[in-house]
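Top to bottom, those sequences are chains A and B. Everything in the first sequence is counted per my numbering, starting at 1 for the first residue and increasing by one. Everything in the second sequence is counted per my numbering, starting at 692 for the first residue and increasing by one.
Please keep in mind that the hints were generated in silico from the structure rather than gathered at the bench. Bear in mind that the values here come from a model prediction, so they are computed numbers and not experimental data. Take the hints with a grain of salt, since some may be wrong.
[Claimed, not checked] Okay, the calculated beta carbon distance ranges per label pair: (1) A:Gln354 <-> B:Gly1331: 37 to 45 Å; (2) A:Lys549 <-> B:Gln728: 52 to 60 Å; (3) A:Ile587 <-> B:Leu701: 47 to 55 Å; (4) A:Ile64 <-> B:Lys1042: 25 to 33 Å.
[As the list claims (entries may be wrong)] Some chain B residues well away from chain A (every beta-carbon gap over 12 Å; in silico): (5) Thr815; (6) Pro898; (7) Asp901; (8) Thr974; (9) Phe1008; (10) Tyr1035; (11) Ile1242; (12) Asp1251; (13) Leu1375.
C-beta atoms are modelled at their ideal positions from N, C-alpha and C, and glycine is treated no differently.
There are 2 protein chains.
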Amino acid sequence: MENMFWLGILGAIISLLFAFLQSRKVMKFSEGTPKMQKIAAAIRQGANAYLRRQYKTVIKFYIIMVIILAVLALTGLVSKFVPFAFVTGGFYSGLAGYIGMKIATSANARTANAASESLNKGLTVAFSSGSVMGFTVVGLGLFDISVWFTVLKYLFHCGANEIATTMVMFGMGASAMALFARVGGGIFTKAADVGADLVGKVEAGIPEDDPRNPAVIADNVGDNVGDVAGMGADLYESYVGAILASFAISAAAGYGWAGMLLPLLLAVVGVICSVIGTFFIRTGEKADQKALLKTLRTGTYIAAILAAVAAAPLTYFIMNNMGIYVAILAGLVAGCAIGYFTEYYTSDTYKPTQELADASSTGPATVVIGGISLGMRSTMAPILIVGIAVLVSFFAAGGAGGFTKGLYGIGISAVGMLSTLGITLACDAYGPVADNAGGIAEMAGLGEEVRERTDALDSLGNTTAATGKGFAIGSAALTALALLVSYVDIAAGKMAAAGKVMDITLVNPPVLIGLFVGAMLVFLFSSFAMSSVQRAAQSIVIEVRRQFKEIKGLMEGTADPDYAACVDLCTRGALKEMVVPALSAVIVPIITGLILGANGVIGLLCGVTVTGFAMAVFMSNSGGAWDNAKKYIESGTHGGKGSDCHKAAVIGDTIGDPFKDTAGPSLNILIKLVSTVSIVFAGLIIAFSIM
Amino acid sequence: MENMFWLGILGAIISLLFAFLQSRKVMKFSEGTPKMQKIAAAIRQGANAYLRRQYKTVIKFYIIMVIILAVLALTGLVSKFVPFAFVTGGFYSGLAGYIGMKIATSANARTANAASESLNKGLTVAFSSGSVMGFTVVGLGLFDISVWFTVLKYLFHCGANEIATTMVMFGMGASAMALFARVGGGIFTKAADVGADLVGKVEAGIPEDDPRNPAVIADNVGDNVGDVAGMGADLYESYVGAILASFAISAAAGYGWAGMLLPLLLAVVGVICSVIGTFFIRTGEKADQKALLKTLRTGTYIAAILAAVAAAPLTYFIMNNMGIYVAILAGLVAGCAIGYFTEYYTSDTYKPTQELADASSTGPATVVIGGISLGMRSTMAPILIVGIAVLVSFFAAGGAGGFTKGLYGIGISAVGMLSTLGITLACDAYGPVADNAGGIAEMAGLGEEVRERTDALDSLGNTTAATGKGFAIGSAALTALALLVSYVDIAAGKMAAAGKVMDITLVNPPVLIGLFVGAMLVFLFSSFAMSSVQRAAQSIVIEVRRQFKEIKGLMEGTADPDYAACVDLCTRGALKEMVVPALSAVIVPIITGLILGANGVIGLLCGVTVTGFAMAVFMSNSGGAWDNAKKYIESGTHGGKGSDCHKAAVIGDTIGDPFKDTAGPSLNILIKLVSTVSIVFAGLIIAFSIM
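Extracted from the complex, chain A is given alone in its bound form (with noise of 0.2 Å):
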């Protein structure tokens, strides 16, 4: 059995390729009018730039820990593949980001292009854009996953618990880099994105993505560094995350090999589903915004029911325990319930968002209120579906006799849940590309019934990226839940070498405190990010208020404003604001052990991922259901755009802005970074901590 790894790079190849493929498709298709091409040039060369620098800031950080993870790793703390390990899962998360970027910054006008012949022709572009980015992902998830085990194995003979063991440490690498893409890129794009509209839309009372504002580019810069390669280095990190920690508990409930292969296999077996998922998204010449859904929709579950019948023979076939299929099944399936309700609590077609849009008639106040409550009761279903999912994984994978079997159980059905990730996440990337194309149809001027296509298409990605987002978060709890048992069983042996006493009942004062800590952690972070969204925000509405004043001409369409000007802004509040809550993910976690020792690090992981699981689902259902609300008054209820009920929503909209795309996403990697670097500095915090 340990001579069938060969799949993975099989599965990475097949997924690369596809990839490629899907790249050459898009890339056939015409920019259009060289109006389209130099505004989608602007746009490229901004992201470029961004990206750039914000890899360059990063690998400030990546030296700093290579050096200390060396130190650790020559005193015998840490394993000595870590260093190299911690810059391999960076290096990836990041090219996976980039590549993304990439072919969304191609992909943008051609959309636009593509949708001035037909809606159809428009999805066709995106989605393949899509495609490239959740293929990409994937792909090099797989690559690194069977490089690494391949290295291990045959290079340096290490056995199959050695490599688990090992090779969950390098979770930290990608998580680490996926946390700056995300707080970093999430920061510009809202920071752009509330500059732009409270100056523009607000107050100007200019139309959105209108050429007249000067963060209108930066706008669409940032659709691009937070949506597309925030979050492509953010699933890269959940995939390979959930498959590592897999191997890790596979290696404490003692299923060898094949406890290992299993995990790899369904990944592999995900990637072919998710391919042939992809054909079936198609329509005819004259679908309507319904039938792009359904096809979408056809497609991931078509992926989503070939992955389920073809795990049952594979886990049959690999462990002989059909209760782990079944812990498989209870991931896909709470997946899939999690992305129904996300789109439930946030689509203008379900009552929650029509109620939020009807307290836009009392004004401003009554939304912000309105949105926090639903947000907040949005949380109960995916607490209790992820709880049914951990309770029937666990159990059906034989938790009541052995218990690492049970957590085991756990372990896979993550994997389960993000097996189909490349097709999931292909329908999620689609939706920036599309806001994209609407702004540069808009910019250069390509008509109503263009603006209007890309518009359909842009609200289509909103409700995928609902479903998207479902799966991002189901699967950052069951990965961090499934990291948490990995770092007990690393910290017990660890412990009992150095005579120290493992008591993590919920009594003793380090774990109370422990999760009082993690608690704090998700509140203190969400608050970083949130005031480093308003910080950039305000230097770029004062920017844009200047530019107004400045610019004789600007208003009246005679002068060009200084879109430069907003993009470099952007990008340098970026960077500054990213630094302190990426840092404070890692070192919180270091301090506490090193007060609390493991038992209270264990707390602090409960703590997080618990507090931020729900902080997470709140904020991007908040915020999701802000946007739709004002979506809907615009569709023309409650007086339509420019009436004072728009007025209110857009002031949700614009509140909820760092909430579903700052804060929210980024909780997700926090609980998974704080569970790796404390995985990876588990051997220094037992040798050194105080308690």
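The hints should help you fit chain B onto chain A, whose structure is shown.
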């Protein structure tokens, strides 16, 4: 030693007597002009009518619960004393709130009238009224505990341990009443406040408390039923809960009578020190606001220092263990420290609130984002302080040698924190009276100077309220931890008897899921509380708009608005809306227990406590900062009243209303009610749970 418990009754009598004398002092002042008397009567009548209807609603819940508890008592699943204790706890909690409301509604016009003579006289009336409330709460609490103690010991001849484990169940009645009072009163007051502000201040542009606003009487009624009656019931429950939890842990630690006598006598000493403290609250005739704050602080700190000094010999003679004294000190210091940081984050004399006011220059969205960020950031200090207090108390009280002895330290530190509640609550409860006095001064047209004085008193009240909230939140966290420990102790015995295994390690799936459900309950409860306010406020907005439109001559001051209609709407809204959040706190732990067993319940309690504590601090401080940022702008910065900045700040303040006065403080009660419900139903849950 067991014969010294009569001192508890003596303490109760001293406290109640002092409250009576203070109320006589208040009543000697004049209520002012006939117009003032008329307004005060309207407020009094509205508050009375609301409280009577609230109690009538709550009584139904109590009848159902008593029947359930009686059935459980007959089947032996709860102690036979529980149904009676449940009723007395609820009764005294409600009574404490009622008396507080009575004196506050008698003192408001008297404060306004006294303020027309001098600032100092205004302070005297308002503070005396606050101390009636403070000492009534403490007196009734001591009385209830001492009487039950006497009945159990001398009538039923129970031993120390039996008394301790029985009496901890008594908290549930008080907690349930407190939750109804806080939630119901909180919805009433904020529906009226939000409704009055949204239409009056924002839309019609008339000042706060303008008599032309139809919701103005309801707003003033709300201060009394929410901020006074609700807070009274709340802190009654905190006070009693902390003492009873110490009783229960004392039994587990094997401290017998001595371990119970110490918290009781600490409370008695605290009463005496608080009474002495009040005599230091006086100023010269020409005092300014700063001098007022100084005198209130002096009184509070003198009481705390005296209590700290007196606790030393007390602890020495009763327990002969000065480590426990350190735990008491840790509690007292932690309470003051949390109060300081609450003030730092919410007072406009410090940077955070001033920066929040700056954010208003870019509109309401940045004010809201900034306020949420500020509140989330402010969770750090209280959580670290509580964490340190827990560690210090645990180890000082001997946790390294005997685990339960350390836990007793945590319980007694909560009692230490609350020992001078008499005076801290007096400072807190004086605020709403001053607020009401300002309203009456405005409505009765008492002139600019008087209004300035009542504003000074009111603004001071906001600061002292911050300190009071620090104590309320900090003690809630410590008490909840003590109750958690009691629950674990009680459940361990019952589980062993039922042949079930207690496993509360953090990797046991029911424990983990319990944690998630606990976090979820906090979000869900907050959502309910806020959407209740939103719905009730929307009905007020519509009614006020209707009156402005339909009552001719209202804006010109020639016709009176229909105040009663708004009071009635608020009453109906609050009574209807308070049921779901309050019931969720009772039902969720029972259902969780029946499915996940006692292990899951312990996870739930930790999840609720940890997430609830952070959320309560966040919501209270965000709300407080928005309120004071608005006041800061009104004081003349950023363009002052009527400027765009002011309008943005008013929106922030309006959103903050349900944060700081409905959801936030209710969470303090929630975390304790969930614990006491779990304790009472432990027998039922362990007998019938499926896990």
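Right, here's what the structure says about each hint:
1. Checking the proposed 37 to 45 Å range against A:Gln354 and B:Gly1331 shows it holds: the Cβ atoms sit about 39 Å from each other.
2. Distance hint for A:Lys549 and B:Gln728: a CB-CB separation of about 56 Å, consistent with the stated range 52 to 60 Å.
3. The beta-carbon spacing between A:Ile587 and B:Leu701, approximately 53 Å, falls within the hinted interval of 47 to 55 Å.
4. Separated by about 31 Å at the C-beta atoms, A:Ile64 and B:Lys1042 satisfy the suggested range of 25 to 33 Å.
5. Against chain A, the non-interface label of B:Thr815 holds: every CB pair exceeds 12 Å, the least being about 37 Å.
6. B:Pro898, annotated as away from the interface, keeps every beta carbon of chain A farther than 12 Å; the closest lies near 18 Å.
7. At the 12 Å boundary, the C-beta of B:Asp901 stays outside the reach of chain A, the nearest C-beta of that chain being 18 Å off.
8. In this structure B:Thr974 is separated from chain A by more than 12 Å, as the shortest Cβ-Cβ distance comes to about 38 Å.
9. Separation of B:Phe1008 from chain A is adequate, the least Cβ-Cβ distance of about 28 Å exceeding the 12 Å criterion.
10. Every Cβ of chain A is farther than 12 Å from the Cβ of B:Tyr1035; the closest lies at roughly 15 Å, confirming the non-interface assignment.
11. In this structure B:Ile1242 is separated from chain A by more than 12 Å, as the shortest Cβ-Cβ distance comes to about 20 Å.
12. Against the 12 Å criterion, B:Asp1251 stays outside the reach of chain A, whose nearest CB is about 24 Å from its own CB.
13. Every CB of chain A lies more than 12 Å from the CB of B:Leu1375, the least distance being 21 Å, so the non-interface label holds.
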